[in-house]
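Participant: Sequence:
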Amino acid sequence: MKAKEMEASARANANVSDEVLIALRRLIRAIDLHSRYLSKHFGLTGPQLIILRELAREGEMSSGEIAASVSLSQATVTGITDRLEKRGLVTKTKSDIDRRRVVIQPTTACQALLDQAPPPIQESFLNQFDKLRDWEQSMILSSLQRLVQMIDARDIKAEPVLTAGPIGNISESGE
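Mind the numbering: the sequence shown is residues 1 to 175 in UniProt numbering, read in order.
These are computed hints drawn from the structure, not numbers from a lab.
Hints should not be assumed to be uniformly reliable.
[Said to hold, decoys possible] Simulated DEER-style distance windows between Cβ atoms: (1) ARG154 - GLN122: 42 to 50 Å; (2) ASP130 - ASP96: 24 to 32 Å; (3) ARG36 - LYS157: 18 to 26 Å; (4) SER143 - LYS94: 45 to 53 Å.
[Stated by the list, open to error] Below, in silico cross-link-like pairs of lysine to aspartate or glutamate (EDC-like), each with a Cα-Cα straight-line distance of 16 Å or less: (5) LYS94 - GLU136; (6) LYS92 - ASP130; (7) LYS94 - ASP82; (8) LYS92 - GLU123; (9) LYS92 - GLU136; (10) LYS94 - GLU123; (11) LYS92 - ASP82.
The C-beta atom is built at its ideal place from N, Cα and C for all residues, glycine as well.
Modelling step: build the complete structure from the supplied sequences, incorporating the hints.
Facilitator: What follows is the structure in structure tokens.
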């Protein structure tokens with residue numbers, strides 16, 4: 001390769017890497033803006049919204065059922081639902097069938113809030129992602145897995161729901 005060709009190739013690679021970094025910053029910013037909007041206008045975090053939507057859909061669930069459904073730990077769900085109960089968005093009662101089981105139900109205030117709140121950010125993504133062809137989905141997955149490897153983030157535990165912080169006092173669990 002001649003010197004001019006090598007220089008042109010280096011510039012092209014720099015432009016591509018710049019575009020990748022810009023795209024990553026846009027993703028991070030979109031998640032952050034969505035989280036800030038939820039917090040400012042509804043006083044919710046992403047995980048709280050996900051749990052409330054799941055409860056509204058199912059009617060009543062135990063902490064363990066919620067945890068399995070939304071891919072959060074039971075301890076995280078318990079902490080979240082305790083805070084939601086204090087806000088009057090859910091109630092916790094002992095099951096009539098098994099008094100050891102605590103049943104969590106959405107309140108009318110929960111439904112009123114959900115009627116106004118936007119969907120979780122990943123819902124829009126998944127709706128569009130599901131419309132892609134299999135090979136496109138595989139390319140996105142492969143590229144993201146490579147990015148994770150490139151930034152040495154393989155050992156970082158992934159949270160199942162998209163959150164960005166800090167909003168109030170959000171822990172590593174997104175709460």
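Participant: Let me make sure I understand: some of the numbered hints might not hold for this structure. Which ones are they, in numerical order?
Facilitator: When the structure is compared with the hints, numbers 1, 2, 5, 6, 8, 9, 10 turn out to be violated.
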